[in-house]
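Trainee: Listed here are the chains, written in short residue letters.
2 protein chains.
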Amino acid sequence: MTTIGIIGGGQLGRMLAQAGSTLGCRFLILDPSPSACAGGVGELLVGQYDDEARLVELSRRADVVTVEFENVPPDAARYLAALLPVHPSPSALATARDRLFEKEAFRRFHIPIADFRSVSSEEELRRAGEELGYPCFLKTRVFGYDGRGQWVLHGQEDITAAFDALGKVPLVCEARVPFEAEVSLVAARNPQGEFRFYPLNVNVHEKGVLRFSRPNAWPVTPDLQSRAEALMEKLLVGLDYVGVLAVELFVVNGELVANEMAPRVHNSGHHTIEGSRTSQFENQVRAILGLPLGDTTPLAPVAMVNLLGEVPDMGALLKMKDVHVHAYGKSASPGRKVGHVTVRADSEDELDAKLDAVATIVCPELAAKVPRRTKA
Amino acid sequence: MTTIGIIGGGQLGRMLAQAGSTLGCRFLILDPSPSACAGGVGELLVGQYDDEARLVELSRRADVVTVEFENVPPDAARYLAALLPVHPSPSALATARDRLFEKEAFRRFHIPIADFRSVSSEEELRRAGEELGYPCFLKTRVFGYDGRGQWVLHGQEDITAAFDALGKVPLVCEARVPFEAEVSLVAARNPQGEFRFYPLNVNVHEKGVLRFSRPNAWPVTPDLQSRAEALMEKLLVGLDYVGVLAVELFVVNGELVANEMAPRVHNSGHHTIEGSRTSQFENQVRAILGLPLGDTTPLAPVAMVNLLGEVPDMGALLKMKDVHVHAYGKSASPGRKVGHVTVRADSEDELDAKLDAVATIVCPELAAKVPRRTKA
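Those sequence lines, one after another, are chains A and B. Take the first sequence: its letters are residues 1 to 376, numbered as in our numbering. Take the second sequence: its letters are residues 1 to 376, numbered as in our numbering.
Possibly wrong hints are sitting among the right ones.
The list makes no distinction among identical chains, and a pair is therefore deemed to hold if it is satisfied within one copy or across any two copies.
[To be verified] Calculated cross-link-like contacts (lysine-lysine; reagent style DSSO-like; alpha-carbon spacing at most 27 Å):
{"no.": "1", "residue 1": "319", "residue 2": "234"}
{"no.": "2", "residue 1": "207", "residue 2": "369"}
{"no.": "3", "residue 1": "207", "residue 2": "168"}
{"no.": "4", "residue 1": "168", "residue 2": "375"}
{"no.": "5", "residue 1": "168", "residue 2": "234"}
{"no.": "6", "residue 1": "369", "residue 2": "337"}
{"no.": "7", "residue 1": "234", "residue 2": "321"}
{"no.": "8", "residue 1": "354", "residue 2": "319"}
{"no.": "9", "residue 1": "375", "residue 2": "354"}
{"no.": "10", "residue 1": "369", "residue 2": "168"}
{"no.": "11", "residue 1": "207", "residue 2": "354"}
Just so you know, the hints here were simulated from the structure itself, not pulled from any lab data. From a predicted model like this one, the values you see are computed outputs, not experimental measurements.
Using the sequences and the accompanying hints, generate a full structural model.
Mentor: Structure below.
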């Protein structure tokens, strides 16, 4: 029996273990918290990500190691990779972990991105603001997610406060991109070099956190899908990537501009559990085991709604046909991702109606922002 | 968070835990073996099913208890039911556990069955053979499954050997039914009295063990489905049943004759994971938690092939579009159920072709017995 080690025991690790257990795998999950939610479906190793004794145990008991988040300490990833296969590779992880390295990789592969400057002093930030224009975004190079570690600069007057707040660590400043929509592409590649792409998702964020994801909504077209796949292929090949990779992109005047990549399964791909022939989680497991990748053509129209803070009344949701509730077994806490709902339908019109009904239960204040098949 | 106790840690418990973890539940699984395969996806309590200390622990830590097999010691089920909800109820379990009680229940609910006699002596067996005719079947009242605890009597000359082999325990002797097909109906009922029925499966057994299951194959018709549902409804209501119940039936001259019931998720319902809007496993979890039951209309044509003995080359199977391998994480052993494959297709014709291809890999010697949409 194959044992898969996962660094990180959040909901992504939990869903990876759920998918991989179907293929007969066991999971060993390293996380600093004894209440990490992936522990409910696999064996938890409690320890820091750079705890040497735990890394040794992982290397001895697992056949292959993967990750559920990008902030793996680079030394830990390299240490493990010297002892057993680690997918994605430590160098791919190091690239995706650091906004500067990530942007340099996008440039190296000729993938359009917003203009940016590396910033390590208030003076550099002032110059960046002048060159990039306002508003622009100051971000920490590492450890930012869900809108954390970011500051919007509306003008010169914000520079001192922003630098005081974030300036203890290396930063990048990014030009603002006037986008029509935010989309993401999730793809998988195995060691044999086989690729699979999922349909482009249209994503709606609120305060930096994903709320809705829907494949094939406006402004996605077959042409946009092809261009996103071409761009993803450059990344997968360029990084010699093994596993699932997600890229978040802006659509700007119909063109794709890369925002960031995530070297792992992605929140915007959760609906592939019910909406695809093979979920992103199963394809991650297949990829790291060197198995053939599974078909990613859609099974039915789907969309996803995140559950933040607490899981609402399950009964009301489960009463609806083909509405699938995923609860991560996490305690309630304001803004915390505690679950998601996948809505599946027999047609896009039916999906529109069901998505409205679900949003009305889950987040009535955002119901008007649900992604649509056509422009609002 | 809800904790569900399961008595029995085989593949049914494993798939229950996989489905229930999606709804945020945790699982405590009682099994005598420390290597019980459900332990890979939930917490295993190692102990005999009547180990009082383990039952106390289960009652303290679980919110509700269910079972993955029918041979739960009746005293253990009653002991737990005095302390917390147990679904299905101890009386439903006791009925399904014993072939005599089961047959009496079918008769009580006016459900046709093959004629039978209770047997406790060689003399009674001789009389049963004369009255029922030969061939007939001698079976132990409890602990029989997958063809075990059974003896075929071809004539009077077999009586002594059969009784010597099985006669240390209470027995029933059953008339042979000249059936055209074996089918099964899987259904769920929750405490609110809501029902859901899955499509009738056509099952092909080999040496008493299920090999293939396919909904809506020959000789299933909408009329046969309705009659099976009517019969199932009598059982569910009559037993005041909560959970998933399966009934195996013979089709005899187009009429349904009940063979046996299983008070649990059933091997012939495994394809509901990919083929239904809601799997039998999720509906079992919903039922025992008192949640609304999920829709059971088919999502796509499906069929299932059991993997016996060992899991074959996964790569060859996973290369095929919409072919889903379930490996239970069990060690290989001749005839052991170690996994199953669900084949899903966009049409019944496509399903025919894919099922042939899968059977050719998994069990080439049985490929000609695959259930078909129309009579062979």
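Trainee: Indicate, hint by hint, whether the structure satisfies it.
Mentor: Evaluated hints:
In this assembly of identical chains, the alpha carbons of residue 319 and residue 234 lie at most 27 Å apart only when taken from different copies (24 Å versus 44 Å within one copy). Only within a single protomer do residue 207 and residue 369 lie at most 27 Å apart by alpha-carbon distance; the minimum there is 13 Å, versus 58 Å between protomers. With identical chains, the CA atoms of residue 207 and residue 168 are at most 27 Å apart within one copy only, with a shortest distance of 24 Å there and 72 Å across copies. Within a single copy, residue 168 and residue 375 get their C-alpha atoms no closer than 43 Å, and across copies no closer than 75 Å, so neither meets the 27 Å cut-off.
Proximity of residue 168 and residue 234 under a CA criterion of 27 Å is satisfied in neither setting, with 34 Å inside one chain copy and 71 Å between copies. For a Cα distance limit of 27 Å, the shortest separation of residue 369 from residue 337 inside one copy, 19 Å, qualifies, whereas the shortest one across copies, 48 Å, does not. Taking the closest pair of Cα atoms, residue 234 and residue 321 come within 27 Å of each other only across two copies (25 Å); inside a single copy the shortest separation is 40 Å, beyond that limit. Taking the closest pair of Cα atoms, residue 354 and residue 319 come within 27 Å of each other only inside a single copy of the chain (12 Å); across copies the shortest separation is 34 Å, beyond that limit.
For the identical chains of this complex, residue 375 and residue 354 are intra-copy neighbours only, at 18 Å inside a copy versus 40 Å across copies, given an alpha-carbon limit of 27 Å. In this assembly of identical chains, residue 369 and residue 168 lie within 27 Å of each other by CA distance neither inside one copy nor across copies; the values are 36 Å within and 70 Å between. For the identical chains of this complex, residue 207 and residue 354 are intra-copy neighbours only, at 24 Å inside a copy versus 47 Å across copies, given an alpha-carbon limit of 27 Å.
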